[in-house]
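Number of protein chains: 2
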Amino acid sequence: MRYELYYWPSIQGRGEYVRLALEEAGADYADVARSERGMAAMMRMKETNNGTPPFAPPFLKAGKLVIGQTANILLYLGSRHGLAPKAEAGKLWAHQLQLTVADFVLEIHDTHHPLGPSLYYEDQRSPAKKRTGEFWKERVPKYLGYFERLVHHNGGFYLTGRRLTYVDLSLFQIVEGLRYAFPRRMKAFERGIPGLIDLHDRVASRPNIKTYLSSDRRIAFNEDGIFRRYKALDL
Amino acid sequence: MRYELYYWPSIQGRGEYVRLALEEAGADYADVARSERGMAAMMRMKETNNGTPPFAPPFLKAGKLVIGQTANILLYLGSRHGLAPKAEAGKLWAHQLQLTVADFVLEIHDTHHPLGPSLYYEDQRSPAKKRTGEFWKERVPKYLGYFERLVHHNGGFYLTGRRLTYVDLSLFQIVEGLRYAFPRRMKAFERGIPGLIDLHDRVASRPNIKTYLSSDRRIAFNEDGIFRRYKALDL
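Protein chains in written order, with the numbering used here: chain V, 1 to 235; chain C, 1 to 235.
One chain only, chain V, in its complex shape (with noise of 0.2 angstroms):
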């Protein structure tokens, strides 16, 4: 089966801890809303979709499933491929992680969207400084150091014991997000987690993620992400 992405097509975003799954597991995919005519079925769907429309991309289309918001994704995908644990306890257990992730990036996107995403980013550069600068100082080290802790936990392996699963997917685009978006911030910061920087780097690794991020499917970080550099955030 040859599954559908939509997502929008000149970012990461969301839909890329999406796009890492599939990239990993080697499924067939097409990230359909990159063609013109791809966009147009992507807002059709978004309107109607039979009666289940998806509130916002990303979704997936697999046969006649159409399944939307990226943790629901990606707890879909994660029984399909084997990126997530089978037995129910570590499948809830790595979507209660995947959640704190998807809270986590939203705070990201709020440290240059303080006022709501309905208002440019020019709009609240005063509100956005100050917002970035609680986020370092309380979010980020509450957060990685959560998930520093559990890599810890796990003798340095996987995020959930010795088996890949699509967590530890997305906290390599974390890793890789925030060093782009605040480049100065994170190098002071990486030294105290070190686990997750080595999680980062097994993960980059991987050879079909090494090969997905040196070909043209893996979008550019772009100030229209999630993950935005604006010098003055990165002080």
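Any given hint might turn out to be false.
[Said to hold, decoys possible] Quick list of in silico lysine-lysine cross-link-like pairs, DSSO-like style, CA-CA up to 27 angstroms: (1) V:K91 to C:K86; (2) V:K129 to C:K129; (3) V:K64 to C:K91; (4) C:K137 to C:K210; (5) C:K129 to V:K86; (6) C:K64 to V:K46; (7) C:K187 to V:K137; (8) V:K86 to C:K86; (9) V:K130 to V:K91.
[Unchecked claim] A few chain V residues facing chain C, derived, Cβ under 8 angstroms: (10) T100; (11) R139; (12) P141.
[Claimed, not checked] Below, a sample of chain V positions facing chain C; criterion: calculated Cβ distance under 8 angstroms: (13) P54; (14) A71; (15) W93; (16) Y230; (17) A232.
Just so you know, these hints were derived from the structure itself, not from any lab. These numbers come from a predicted model, not from an experiment. Where a beta carbon is used, it is the ideal one built from N, C-alpha and C, also for glycine.
Assemble the complex: chain V is given as a structure, and chain C must be docked to it using the hints.
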């Protein structure tokens, strides 16, 4: 089996979506942290829990399982108590909707905390006003408009069809909360979402929910929770 719910004892917060599901199901549960000893137990579990500590309350103990993240808990309870469709497609659809509710809840929280959860409201009154304005102008119509269309599509019954799911209980709570926090704004807005208001009323009149709401197990709304009544934000 007697469930144990762990959540902050003095607010509805995110725990309330779980409480509503447990109550509707007539499940046997203890709201553990509402005693002093229980509160201490919650803090201990947050620390270690045998290597799988939840990032934050709420979490639910079900036998040996400890499940964190509100939507994840509902995913688990939904299957066991007939509060979600049985088939995979329906289960994923309900979960997708719940994750959209979760995104909305975070945006509701950010109306009074646009600069982040680590500062007091009193330190961010002015950005809170601005964010709340945007919230009501752009975000409430987007989210509630979406759910309203879904209710209509289902002929005015429940959100996913003729049977109640945990998503309906959550939308009841959203309506209750918005009425509490923004009585003026919500009064005006409600005219545009008759389907959701009708859904709210039907949930409120279900026997188990009705009993729960008038019991002392239902904590009153207050200004430590997610829905806060600040006069300055309801103009």
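Tested hints:
1. Only pairs whose Cα atoms come within 27 angstroms are accepted, and V:K91 paired with C:K86 is accepted, the gap being roughly 18 angstroms.
2. For a cut-off of 27 angstroms, the pair hint linking V:K129 to C:K129 stands: about 18 angstroms separates their Cα positions.
3. The suggested pairing of V:K64 with C:K91 holds, with an alpha-carbon distance near 14 angstroms, which does not exceed 27 angstroms.
4. Taking the CA atoms of C:K137 and C:K210, the gap is near 33 angstroms; set against the 27 angstroms cutoff, the hint is violated.
5. Straight-line distance between C-alpha atoms of C:K129 and V:K86 comes to about 47 angstroms, which puts the hinted pair past the 27 angstroms bound.
6. The hinted pair formed by C:K64 and V:K46 fails the criterion: a straight-line CA distance of about 40 angstroms is larger than 27 angstroms.
7. The straight-line distance between the Cα atoms of C:K187 and V:K137 is roughly 39 angstroms, outside the 27 angstroms bound, and the hint therefore fails.
8. The suggested pairing of V:K86 with C:K86 holds, with an alpha-carbon distance near 20 angstroms, which does not exceed 27 angstroms.
9. Only pairs whose Cα atoms come within 27 angstroms are accepted, and V:K130 paired with V:K91 is rejected, the gap being roughly 37 angstroms.
10. Interface hint status for V:T100: upheld, as the beta-carbon distance to the closest one in chain C is roughly 5 angstroms, under 8 angstroms.
11. Annotation: interface hint on V:R139 holds; nearest CB of chain C at approximately 7 angstroms, less than 8 angstroms.
12. Interface restraint check for V:P141: the shortest CB-CB distance to chain C comes to about 11 angstroms, outside 8 angstroms, so the restraint is violated.
13. For the restraint placing V:P54 at the interface with chain C, the shortest Cβ-Cβ distance is roughly 7 angstroms, inside the 8 angstroms limit, so the hint holds.
14. Using the Cβ-Cβ criterion of 8 angstroms, the hint placing V:A71 at the interface with chain C is satisfied: the shortest such distance is roughly 6 angstroms.
15. A least Cβ separation of about 5 angstroms between V:W93 and chain C falls short of the 8 angstroms threshold, and the interface hint therefore holds.
16. Evaluation of the V:Y230 hint against chain C yields a violated restraint, the C-beta minimum of about 17 angstroms exceeding 8 angstroms.
17. Against a cut-off of 8 angstroms between C-beta atoms, the interface hint on V:A232 is violated, since the closest Cβ of chain C lies about 16 angstroms away.
Checked against the numbered hints given earlier, the structure breaks hints 4, 5, 6, 7, 9, 12, 16, 17 and satisfies all the rest.
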